[in-house]
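Each protein sequence line maps, in turn, to chains A and B.
Read in order, the letters of the first sequence are residues 1 to 250 in my numbering.
Read in order, the letters of the second sequence are residues 251 to 500 in my numbering.
A portion of the hints provided could be inaccurate.
Sample of chain A residues with no beta-carbon within 10 Å of chain B, all distances over it, derived [said to hold, decoys possible]: (1) Pro13; (2) Asp66; (3) Leu180; (4) Thr230; (5) Asp234.
Some chain A residues close to chain B (C-beta under 7 Å, calculated; not the full set) [said to hold, decoys possible]: (6) Phe7; (7) Met19; (8) Asp20; (9) Trp71; (10) Cys109; (11) Gly166; (12) Leu211; (13) Val212.
Don't read these hints as lab results, they were simulated from the structure.
Every residue gets a Cβ at the ideal spot worked out from N, C-alpha and C, and that includes glycine.
2 protein chains.
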Amino acid sequence: MARLEVFGVEGLPEIVEGMDLAAMIHEAAAAQGDALVDGDIVLVTSKIVSKVEGCTVELDDIEPSDFAVRWSEKWDKDPRVTEVVLRESKRIVRQIGPVLITETHHGFCCANSGVDQSSSGAHGRILTLPLDPDATSRAQRSRFAGLGVDVAVIMTDTFGRPWREGQTDIAIGIAGMNPLYSYIGQHDPHGHEFRVQEICTADELAAAAELVKGNTSRVPVAVVRGFDWTRDDDASMATVLRDAERDLFR
Amino acid sequence: MARLEVFGVEGLPEIVEGMDLAAMIHEAAAAQGDALVDGDIVLVTSKIVSKVEGCTVELDDIEPSDFAVRWSEKWDKDPRVTEVVLRESKRIVRQIGPVLITETHHGFCCANSGVDQSSSGAHGRILTLPLDPDATSRAQRSRFAGLGVDVAVIMTDTFGRPWREGQTDIAIGIAGMNPLYSYIGQHDPHGHEFRVQEICTADELAAAAELVKGNTSRVPVAVVRGFDWTRDDDASMATVLRDAERDLFR
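Here chain A stands alone, though its shape is the one from the complex (with noise of 0.2 Å):
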């Protein structure tokens, strides 16, 4: 039977450029009397990616589009911040009143490019994601690799939807495990055809990582322990994005 433990990973110092993520994780793992083993899932919180990979946008360097700046002004917003949305951004998805939902240069539909205001924006300081999720992921799965550890990673980010209110925390970068189980040829217990054809199993798995790590507490990683995944060492995020054609609500 299925059984899974999900924990966070604690005692991460506080980040900066450069540093070596797996290696950190590795450790405060172990610290916590939960020394990383085979078969983990390591999830990793975007945001300390970018500070990693320096994802930093100062906006004293920013130069705002007449675009920009005209459509902040009616909505009350910085318009360097809006034009680093729309730097991050390949297509405006909707624009409608103060809410921008665009598509990032990666494909991901969300609001504002994913840039994060919250943290450095009183530093006059943006984060932006990380130019190429499933390659970090890779690195790092590779790096445990070297520690000795066979774990999937993958990089999360914290995004709406349509239709319901409140966020979850989606997957956005992948390594190690395919984001995408699937049941096309399958049959139930009854022997009838799947009407499921596939799950997204990369994005329960990082929701389930969120309800540990929350965003008040400083715990920006989580394990999942106990999950049965194949490996696949070209699994990619790019497979769980809907083709522009197939999708009816872009």
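Model the placement of chain B on the given structure of chain A, informed by the hints.
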């Protein structure tokens, strides 16, 4: 430190109308050595609730409308099923090609009004969503209390979503705990106010539960143990349903 255990409840019998689900879950959990304890969250797949509550439709009894017949012929669907989908909806959100996204009478936006053809279709019978998932969850929570345990109850279903491939489990009914956790007014460890306003904890719990339930195994119930929730006897999924006026994708 938060530490969750997530496990499935096995050994439930084949579910039929009129059964006392809460009592069966209580007994099955104990039988597998996981007797429910105060504070557990019990997550029940909607499909077994539909069976218990007799939310089944005999297709032979359905007289499809002209609208249902014309559209179904065009896309090679059973017009009787289409008719049931339309009856279960209060509005069509998208009808493009063979895809029918509706808003159910409860207010959930999903494919085919959540009508389940997978398990009963072969018998000319399909399942519809429970009529009042919050009410059922509250009744189950009361029943559990009568059996001596103070647990929260969440009813789950498997829904698709815009922009991303793969379905995930989400909450459609709740009892005992608020489905949303609000960060409004709170500050992070650096003293900055949160960008995230609210987390939909109920959906994250549903997602975590799916990881142990799966769809192929006969494990329609899971338990999350160790999550710190605050008792809220007025809880309802209604607070998660975004007002149509505030929604940009309806």
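Going down the list of hints, with the structure as the test:
1. For Pro13/A, the shortest C-beta to C-beta distance to chain B comes to about 12 Å, beyond the 10 Å cut-off, and the non-interface label holds.
2. Even its closest Cβ contact with chain B, about 25 Å, leaves Asp66/A beyond 10 Å, as expected for a residue assigned away from the interface.
3. For Leu180/A, the non-interface assignment is contradicted: its Cβ lies about 5 Å from the closest Cβ of chain B, within the 10 Å cut-off.
4. Interface exclusion of Thr230/A from chain B stands, the closest Cβ pair being 14 Å apart, more than 10 Å.
5. With a least CB separation of 16 Å from chain B, Asp234/A remains clear of the 10 Å interface cut-off, as annotated.
6. Taking 7 Å as the C-beta contact cut-off toward chain B, the hint placing Phe7/A at the interface holds, the least distance being around 4 Å.
7. The restraint placing Met19/A at the interface with chain B is violated, with a minimum CB-CB distance near 17 Å, outside the 7 Å limit.
8. The interface hint given for Asp20/A is broken, as the beta carbon of that residue sits about 22 Å from the closest beta carbon of chain B, more than 7 Å.
9. Interface hint at Trp71/A: violated, since its Cβ lies 16 Å from the closest Cβ of chain B, which is beyond the 7 Å cut-off.
10. With a least beta-carbon distance of about 4 Å to chain B, the hint placing Cys109/A at the interface is held under the 7 Å criterion.
11. Restraint check, Gly166/A versus chain B: the minimum CB separation of about 3 Å is within 7 Å; hint holds.
12. For Leu211/A, the interface hint holds, since its Cβ comes within 7 Å of a Cβ in chain B; the closest pair sits about 5 Å apart.
13. Because the closest C-beta pair between Val212/A and chain B is about 4 Å apart, less than 7 Å, the hint holds.
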